[in-house]
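So the sequences go chain by chain: A and B. So the first sequence is residues 3 to 301, counted in the numbering used here. So the second sequence is residues 3 to 301, counted in the numbering used here.
Honestly, the hints are just simulated from the structure, not real lab data. Take the hints with a grain of salt, since some may be wrong.
Here are a few chain B residues that face chain A, going by a calculated C-beta distance under 10 Å [to be verified]:
| id | residue |
| --- | --- |
| 1 | Leu48 |
| 2 | Glu114 |
| 3 | Ala120 |
| 4 | Asp134 |
| 5 | Pro135 |
| 6 | Ala149 |
| 7 | Val177 |
| 8 | Thr239 |
| 9 | Leu240 |
| 10 | Leu259 |
| 11 | Leu261 |
For glycine and all other residues, C-beta sits at the position ideal for the given N, C-alpha and C.
2 protein chains.
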Amino acid sequence: MPETAADFHTAREQATALVRAQLDDILRLPQGPERRLVEAMRYAALDGGKGFRPFLCLATSDLFGVAQSQAVRVAAALECVHCYSLAHDDLPAMDDDDLRRGRPSLHKAYDEATAILAGDALLTLAFEILADPATHAEAEVRLALVANLARAAGMDGMVGGQTLDILSPDLSLDVAELTRLQGLKTGALIGFSVAAGAVLGAADEPQTAALKDYAQDLGLAFQIADDVLDVTQSSATLGKTAGKDKADGKATFVSLLGLEGAQQEAEKRAAQAEAHLSPFGETADPLRQAAQFVIQRKN
Amino acid sequence: MPETAADFHTAREQATALVRAQLDDILRLPQGPERRLVEAMRYAALDGGKGFRPFLCLATSDLFGVAQSQAVRVAAALECVHCYSLAHDDLPAMDDDDLRRGRPSLHKAYDEATAILAGDALLTLAFEILADPATHAEAEVRLALVANLARAAGMDGMVGGQTLDILSPDLSLDVAELTRLQGLKTGALIGFSVAAGAVLGAADEPQTAALKDYAQDLGLAFQIADDVLDVTQSSATLGKTAGKDKADGKATFVSLLGLEGAQQEAEKRAAQAEAHLSPFGETADPLRQAAQFVIQRKN
Numbered sequence: 003m004p005e006t007a008a009d010f011h012t013a014r015e016q017a018t019a020l021v022r023a024q025l026d027d028i029l030r031l032p033q034g035p036e037r038r039l040v041e042a043m044r045y046a047a048l049d050g051g052k053g054f055r056p057f058l059c060l061a062t063s064d065l066f067g068v069a070q071s072q073a074v075r076v077a078a079a080l081e082c083v084h085c086y087s088l089a090h091d092d093l094p095a096m097d098d099d100d101l102r103r104g105r106p107s108l109h110k111a112y113d114e115a116t117a118i119l120a121g122d123a124l125l126t127l128a129f130e131i132l133a134d135p136a137t138h139a140e141a142e143v144r145l146a147l148v149a150n151l152a153r154a155a156g157m158d159g160m161v162g163g164q165t166l167d168i169l170s171p172d173l174s175l176d177v178a179e180l181t182r183l184q185g186l187k188t189g190a191l192i193g194f195s196v197a198a199g200a201v202l203g204a205a206d207e208p209q210t211a212a213l214k215d216y217a218q219d220l221g222l223a224f225q226i227a228d229d230v231l232d233v234t235q236s237s238a239t240l241g242k243t244a245g246k247d248k249a250d251g252k253a254t255f256v257s258l259l260g261l262e263g264a265q266q267e268a269e270k271r272a273a274q275a276e277a278h279l280s281p282f283g284e285t286a287d288p289l290r291q292a293a294q295f296v297i298q299r300k301n
Numbered sequence: 003m004p005e006t007a008a009d010f011h012t013a014r015e016q017a018t019a020l021v022r023a024q025l026d027d028i029l030r031l032p033q034g035p036e037r038r039l040v041e042a043m044r045y046a047a048l049d050g051g052k053g054f055r056p057f058l059c060l061a062t063s064d065l066f067g068v069a070q071s072q073a074v075r076v077a078a079a080l081e082c083v084h085c086y087s088l089a090h091d092d093l094p095a096m097d098d099d100d101l102r103r104g105r106p107s108l109h110k111a112y113d114e115a116t117a118i119l120a121g122d123a124l125l126t127l128a129f130e131i132l133a134d135p136a137t138h139a140e141a142e143v144r145l146a147l148v149a150n151l152a153r154a155a156g157m158d159g160m161v162g163g164q165t166l167d168i169l170s171p172d173l174s175l176d177v178a179e180l181t182r183l184q185g186l187k188t189g190a191l192i193g194f195s196v197a198a199g200a201v202l203g204a205a206d207e208p209q210t211a212a213l214k215d216y217a218q219d220l221g222l223a224f225q226i227a228d229d230v231l232d233v234t235q236s237s238a239t240l241g242k243t244a245g246k247d248k249a250d251g252k253a254t255f256v257s258l259l260g261l262e263g264a265q266q267e268a269e270k271r272a273a274q275a276e277a278h279l280s281p282f283g284e285t286a287d288p289l290r291q292a293a294q295f296v297i298q299r300k301n
């Protein structure tokens with residue numbers, strides 16, 4: 003329904019604006035030469051971006067009536083982690099990508115050293131934000147967020163997946179292996195975006211499990227759709243270099259399943275994601291819209 | 003006194019061995035292609051190193067009778083952060099150093115992408131270690147450790163200092179500015195090494211303040227001595243490239259104060275560091291020995 007899509011679009015823009023305001027407040031520009039570092043952090047974390055992860059965190063928090071001020075801080079922390087990972091992934095020694103969100107990637111706008119350091123600082127800042135009492139009154143809740151984010155972002159999560167991705171041209175991955183890779187590389191942080199709302203909202207075990215299943219299918223639908231867009235859209239539409247995985251010799255869901263097969267798989271995963279939300283009834287409609295957005299988006 | 007130096011040497015080797023065993027346990031090698039990431043993390047964090055920061059954490063914890071198992075976990079976390087910072091600092095885009103601890107630096111032993119990712123994963127792991135209940139039973143204590151480490155390691159600490167260091171050839175720093183730079187780049191993490199013991203031991207405010215002052219003078223003595231060693235010792239003795247700061251056009255305490263002036267300043271700071279320990283009496287002798295070690299070491 004058009005109204006639904008419009009609702010989602012509005013909610014996502016609101017989430018983006020809230021996180022942007024939060025990070026604008028946290029990332030005050032200092033005087034002195036270290037100003038360059040904070041400018042680079044702001045360039046990476048404040049501009050562009052679809053706001054998909056912040057939206058997921060806020061929408062999941064809404065299921066449990068979490069105060070928006072808390073959810074926005076957690077969303078800001080995960081945006082720091084997401085944007086640090088993009089800054090490091092784009093480096094010449096990694097994916098060597100000069101274009102990100104329709105602009106020069108961080109190391110092109112500044113320089114490689116600044117991109118490495120700004121990424122390091124954004125990752126560190128994420129944990130500082132979560133540990134701050136402003137994020138939640140209860141120490142146990144803040145600690146659970148820190149521990150969950152560290153697991154999602156580290157060697158057994160996002161960085162592990164990125165390692166596999168870098169090595170993948172030599173690995174001849176099958177669908178199961180690529181699914182595992184993407185579950186780590188992009189799925190883990192999408193999982194945290196959803197899990198964080200459950201932690202803030204003191205969700206019970208069945209609710210937490212349902213949301214975990216939702217996030218897993220959603221993340222996979224997101225990545226498969228990404229692979230489809232990579233071959234069907236231009237660099238100008240995507241805001242990043244199109245066709246790069248194929249040029250780098252990396253397996254994608256399109257290379258393994260074909261274009262139509264990948265589109266069908268993305269739709270199947272999105273439908274499964276929605277099905278996991280049944281315990282929450284209509285209150286979870288924004289999360290259902292997110293699943294539709296994932297497979298219908300054009301960039 | 004020779005006995006004192008021998009005691010310190012033994013205690014430092016014990017601290018190194020304890021942290022190494024802890025990280026050996028945490029960094030289990032997985033099967034599959036991501037094994038390469040964990041191998042690189044082990045290469046960076048398990049071998050070599052003077053164990054200075056772990057020693058400081060353990061010795062400060064001892065002042066308050068903290069269980070060794072707790073102090074070792076915190077020391078392992080700070081070793082992760084220290085070693086990630088070396089791995090990233092050595093990258094071609096940063097200090098471009100091929101030698102570290104007498105071996106090829108991480109990006110030479112592996113490759114640049116792996117060095118970036120292993121550094122990212124070590125930084126993330128540090129927060130995972132601190133957030134784990136095994137580090138301390140009280141959530142408030144673990145959170146204080148997470149928050150303190152994030153501040154020490156991030157944009158207002160180590161990464162901020164590294165940014166200034168990278169920019170420093172163009173900055174014409176005076177002694178006060180170089181002191182500030184080094185206070186961020188190396189002082190902040192040395193400060194955390196000492197502060198962590200105080201947090202674990204529930205130190206009172208005067209004790210915490212005295213240890214903070216100690217760490218500040220100690221960190222500065224350490225860095226000034228580093229600058230002295232950089233011009234008086236060979237690369238073989240140092241295990242890293244000697245004379246690099248001068249070649250890179252960076253200000254050092256030797257370039258600003260002269261060799262003798264720098265040596266005197268290091269001795270003065272070490273003496274000040276020791277003086278701050280008077281509230282602790284003889285129990286702080288290991289920390290006094292650390293101050294002597296800093297200015298007497300040969301690498």
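Structure-based check of all given hints:
1. Checking leucine 48/B against chain A by beta carbon gives a least distance of about 14 Å; that is not within 10 Å, so the hint is violated.
2. Because the smallest distance between the Cβ of glutamate 114/B and any Cβ of chain A comes to about 3 Å, under 10 Å, the interface hint for this residue holds.
3. The criterion of a C-beta within 10 Å of any C-beta in chain A is met by alanine 120/B, whose closest approach is roughly 8 Å, and the hint holds.
4. Taking 10 Å as the C-beta cut-off, the interface hint given for aspartate 134/B holds, the closest approach to chain A being about 7 Å.
5. Evaluation of the proline 135/B hint against chain A yields a held restraint, the C-beta minimum of about 9 Å falling below 10 Å.
6. For the restraint placing alanine 149/B at the interface with chain A, the shortest Cβ-Cβ distance is roughly 4 Å, inside the 10 Å limit, so the hint holds.
7. Look at valine 177/B: its Cβ only gets to about 16 Å from chain A, farther than 10 Å, so that hint breaks.
8. Taking 10 Å as the C-beta cut-off, the interface hint given for threonine 239/B is violated, the closest approach to chain A being about 28 Å.
9. Taking 10 Å as the C-beta cut-off, the interface hint given for leucine 240/B is violated, the closest approach to chain A being about 23 Å.
10. Checking leucine 259/B against chain A by beta carbon gives a least distance of about 22 Å; that is not within 10 Å, so the hint is violated.
11. Hint status for leucine 261/B relative to chain A: violated, with the closest Cβ pair at about 27 Å, above 10 Å.
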